Amino acid sequence: MRLQISHETVYSLTQAASRSIQYLRLTPRVDRCQRTESWVIEGPERLRPWTDGYGNTVHVASESTTHDSLVIRVSGVVTTRDTAGVLPLDDGLPPDMFLRETPLTAVSAEIAGFARPFADTRAAEGDIAALHALMTAQADAIAFEAGHTSVFTPAASAFSTGKGVCQDHAHIFIAACRVIGLPCRYVSGYLAFGSGDVATHAWAEAFVADLGWVSFDPANRQSATDAYVRLAVGPDYAAAAPVIGVRTGGGGEEVSVAVQVEQVQS
Amino acid sequence: MSETAFFDEMHSGGGVRAPYDRYAAWLHSTPVETLKQRHDQANSLFRTVGITFNVYGEDGGVERLIPFDIVPRIISAEEWDIVERGVIQRVDALNAFLHDVYNDQEILRSGRIPPELVLTNDAFRPEMLGLRLPRSVYAHVAGIDIVRIDAKTFYVLEDNARTPSGVSYMLENRQAMMRLFPDLFAAYPVAPVSHYPELLLDTLRAVAPKEVEDPTVVLLTPGQYNSAYFEHAFLAQEMGIELVEGQDLFVDDGDVFMRTTRGPKRVHVIYRRIDDDFLDPLTFRRDSTLGVAGLMAACRLGRVTVCNAVGGGIADDKAIYAYMPEIIRFYLGQEPILKNVPTYTLRRKKDLDYTLAHLPELVVKEVHGSGGYGMLVGPAASKAEIEAFRAKIVAAPDGFIAQPTLALSTCPTFVEDGIAPRHVDLRPFVLSGQKTTVVPGGLTRVAMRQGSLVVNSSQGGGTKDTWVLEKPHARPRR
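Going line by line, the protein sequences match chains A and B.
Just add 33 to the spot in the first sequence (first one is 1) and you have the numbering used here.
Just add 772 to the spot in the second sequence (first one is 1) and you have the numbering used here.
Treat each hint with caution, since some may be false.
Restraint ranges, calculated between C-beta atoms of paired labels, are given here [claimed, not checked]:
(1) Glu41(A) <-> His967(B): 55 to 61 Å
(2) Arg133(A) <-> Arg1162(B): 54 to 60 Å
(3) Lys196(A) <-> Gly1074(B): 41 to 47 Å
(4) Arg133(A) <-> Arg1120(B): 17 to 23 Å
(5) Ala291(A) <-> Thr1033(B): 20 to 26 Å
(6) Thr1033(B) <-> Val104(A): 32 to 38 Å
(7) Asp124(A) <-> Arg1162(B): 40 to 46 Å
Calculated from the model, a selection of chain A residues having no Cβ within reach of chain B, i.e. all distances over 12 Å [to be verified]:
(8) Met34
(9) Thr47
(10) Trp72
(11) Val104
(12) Pro121
(13) Asp123
(14) Ala157
(15) Val212
It is worth saying that the hints were derived from the structure and are not from the lab.
Please read these numbers as outputs of a predicted model, since none were measured by experiment.
Quick reminder that beta carbons are idealized off the backbone N, C-alpha and C, glycines included.
Let's have the full structure, built from the sequences with the hints guiding it.
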C-alpha cells in the first residue's frame, strides 16, 4: 500500500521558553514491511539525526532562541507490504531483553491474575493461539476511551481503570506477555483508516520462537497489516515516544496534533 | 575462628614479614603515647582538609569523618607485581566484555554465559547497543576490590565499573602520612601515587572524540549533597578542570556545551560521577534534574565521551561476577591471575538449597546492592539476623548471591588499647585510555571493629595509607 503521511504537532506555550530540546522518533524504520520513498522533518531551529540503541532514527531538535511555540511537521510517502503481522528476527535486537520490566509495563497482581490463564493456553495450544486469545480478552476487558490516562500512565493503573487508549493497550499487553513468559515490545507508528485516531498509533509485538516478531494491536483487535507504518520500537512508550522533550521556562503548554494517512496511487 | 587463624600482613610464622622489617622495628620502639599523638594529629589534619563522608540510611545522611589509621599497609614490589598484572588483566577483560555485549554479543552466542543473565539484567542498557566508543573503552576508571588470604593468594571480591569512589583517600592519606612521618618515607622506597590526577586526565583526554585535538574535559557531579562530593571537587581541582552540575551543561545540535561567563564552551569529555539513571531525562529517569537533556544523543553521535560509559554496570553485576574467570579466558585467552571467590547464584535451585542449609558459614549479598548494605555475614550474625535474612532470600532468591566467608588478612592497626590486628582489603584504581594502567597503591580499607570482616566506610570501616615498595634500582622517583 502506498501511503501519504502528514503529521503536525504544535505546542503553544503559555510563557516564552528560552531553550528547548526534544528527541523526535518520527522517521519510519527500515523494515521488511515498509520502504520510505520520501520523508521530511521540519520546524525546529536545529535538527540532527542519530540512531538510538533500538535502531530507531531519532532527531535531536534544539531551540536556543526565545520561543512561545514549537511546531514539528513531518510528511512523506511510505510503501508498505502486508506480512501477515509477522517480522523475521533480523533487526539485531535480542528478544530476551524485552522481558525486562519498566516502570510503565510493571506487572500488578491484577494483570498477573488476568494473564495467567493464558499460560495454560500457551502450553496447550501454542504461542500464537495464546497471544490471540490474550489480545481478544484484553480488548474485551479494557474499553478504548480517551481522557482517563496519559502517555505516562503505567499499565497497572490503566488496567485497574478498565479504560485507556492505544498506549495503555500496548503497555498492558507487554506486561501480560511477561506473565506468560513471552518477550513483547512497544511499537509506535501510524495507522491508515484508524477509527477516530487523531494522533500517532501504538501497538505491541510479541516474540514467537521460529517465527519472529508478531504484532498485536489490542485497541483494534487485529495484527498489523499494510495499513500500519512503524516509526519506533522499544520496551515502552518512554523509549519509543514520537516526541519527548524538556524546555527551560515556557510555563504550561497546549498541544494540538493533526495526523493524516491516506492511500495514494503509485 | 580466632584472630591467629588469619594471615597477617606484618607478622607471620612468629617473625616480621620482609616488607615490614624496618617499619616493625620503628613501631615497636615507638611509645604508644607518641602513636596516640600522631593519631590525633592525623584526625585534626583531616578535619582541616574537610574530607567527610555522608552515610546513608541513618538520620537521612549524616556527615562524618572516615577513621584514618596511621599504620600503613605495606606491599612488596613482588606482591604488587601480582596485583598490578591481575587487575590490569581483569579490567582489560571487563572492557572487552562490555564492548562485546553492546555489539556482537559473541560471548552470549558462545554459551559461556547464559544469555538471559545479561539480557534480562536491569544493569544491561540497550541504549548502548551498536555504539562504538573511542578505543573501545567503557570502564575508564575501575576500582577492583581485592582481599588476601595468605602470602600468595589474592581474591577479587568485587569489580566496580560504574563510578567507583575512594581515590581521594588514597591521595590524601599519603599526604597526611608524609607530613606525620617524614622519617619513615626517607627510609622506605615508597612508590609515589601523587601523579594519579595527571594520569586520570591523560586517560580522559585519550578517549575524546577523535577529531578533537585539545579536548575540554569536565567533571559532572550530582552536587554537594552527594556522599562523594568532596572527592569530585578534589579531583576536578587536582586535574585543573571544571567541576560542573547538570544545570551548567546543555546540548545544542548534538554538541554538549558548558555555560561560562564568556559564553558557551564546547565540552568533549565528561567524567561523570552520577549514575546512569540520572544522566539524561529524555532517555532515563524523566524526573532527573541532575543530568543533561540530550546527552545520549551527543554520546551516540560521538560528539562527547561519557566516562565511565553508560551501561558498565552489567560488568560489575554480582551475578556476572561468577563468570569473570570465563570472561578473562574468552577475551584474553589467559588464565586469571587473581582468584574469583566461589559464588552461589541463588537463582539456581541447587545453589539456593545449599545456601539455605549453610547460612551461618556464608556471606550473602544482594545482587544489585553496594556499600555493604543488605548483606549477611553468616559467622558474625545472630540467629535472629540469620532467620530474618533467610526470609528475605526465600521471598526473592534471584536477588542474592552467596559466597564462603574468606579469611581476610589482617594488618596491625592503631586502636583504643594500642596496636591490634584488623581485617583489610585493597582497592587499586585502574585507568583505561590509551593503555591500561594502575598507580602503585590504592585504598586500603580496614574494619575497625575487632573481628569484623566488613570494611565499607558506610559500615564503620576506616582507611590506611597503602605503601607499595619500589624495586631496588627502580626509575627515579617523581
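Checked hints:
1. One distance hint, 55 to 61 Å for the beta-carbon pair Glu41(A) and His967(B), holds here, with the actual separation near 58 Å.
2. Against the hinted window of 54 to 60 Å, the Cβ-Cβ separation of Arg133(A) and Arg1162(B) comes to about 28 Å, which falls outside the hint.
3. Remark: the range hint 41 to 47 Å for Lys196(A) to Gly1074(B) is upheld by a beta-carbon distance near 44 Å.
4. At roughly 20 Å, the beta carbons of Arg133(A) and Arg1120(B) sit within the given window of 17 to 23 Å.
5. Distance hint check: the CB atoms of Ala291(A) and Thr1033(B) are about 44 Å apart, inconsistent with the given range 20 to 26 Å.
6. A C-beta distance of roughly 34 Å is found between Thr1033(B) and Val104(A), which places it inside the suggested range of 32 to 38 Å.
7. A beta carbon spacing of about 44 Å between Asp124(A) and Arg1162(B) agrees with the range 40 to 46 Å that was offered as a hint.
8. No beta-carbon of chain B comes within 12 Å of the beta-carbon of Met34(A); the shortest separation is about 30 Å.
9. Look at Thr47(A): its CB is around 20 Å from the nearest CB on chain B, clear of 12 Å, so calling it non-interface holds up.
10. With 12 Å as the threshold on Cβ separation, the claim that Trp72(A) sits away from chain B holds: the shortest Cβ distance comes to roughly 19 Å.
11. The Cβ of Val104(A) sits about 18 Å from the closest Cβ of chain B, beyond the 12 Å cut-off, so the non-interface label holds.
12. With a minimum CB-CB distance of about 18 Å to chain B, Pro121(A) clears the 12 Å threshold, and the non-interface call stands.
13. Distance to chain B confirms Asp123(A) as a non-interface residue, since its nearest Cβ pair spans about 14 Å, more than 12 Å.
14. Taking the minimum C-beta to C-beta distance to chain B, about 25 Å, the non-interface status of Ala157(A) holds against the 12 Å cut.
15. Distance to chain B confirms Val212(A) as a non-interface residue, since its nearest Cβ pair spans about 15 Å, more than 12 Å.
Violated hints for the displayed structure, listed by number in ascending order: 2, 5.
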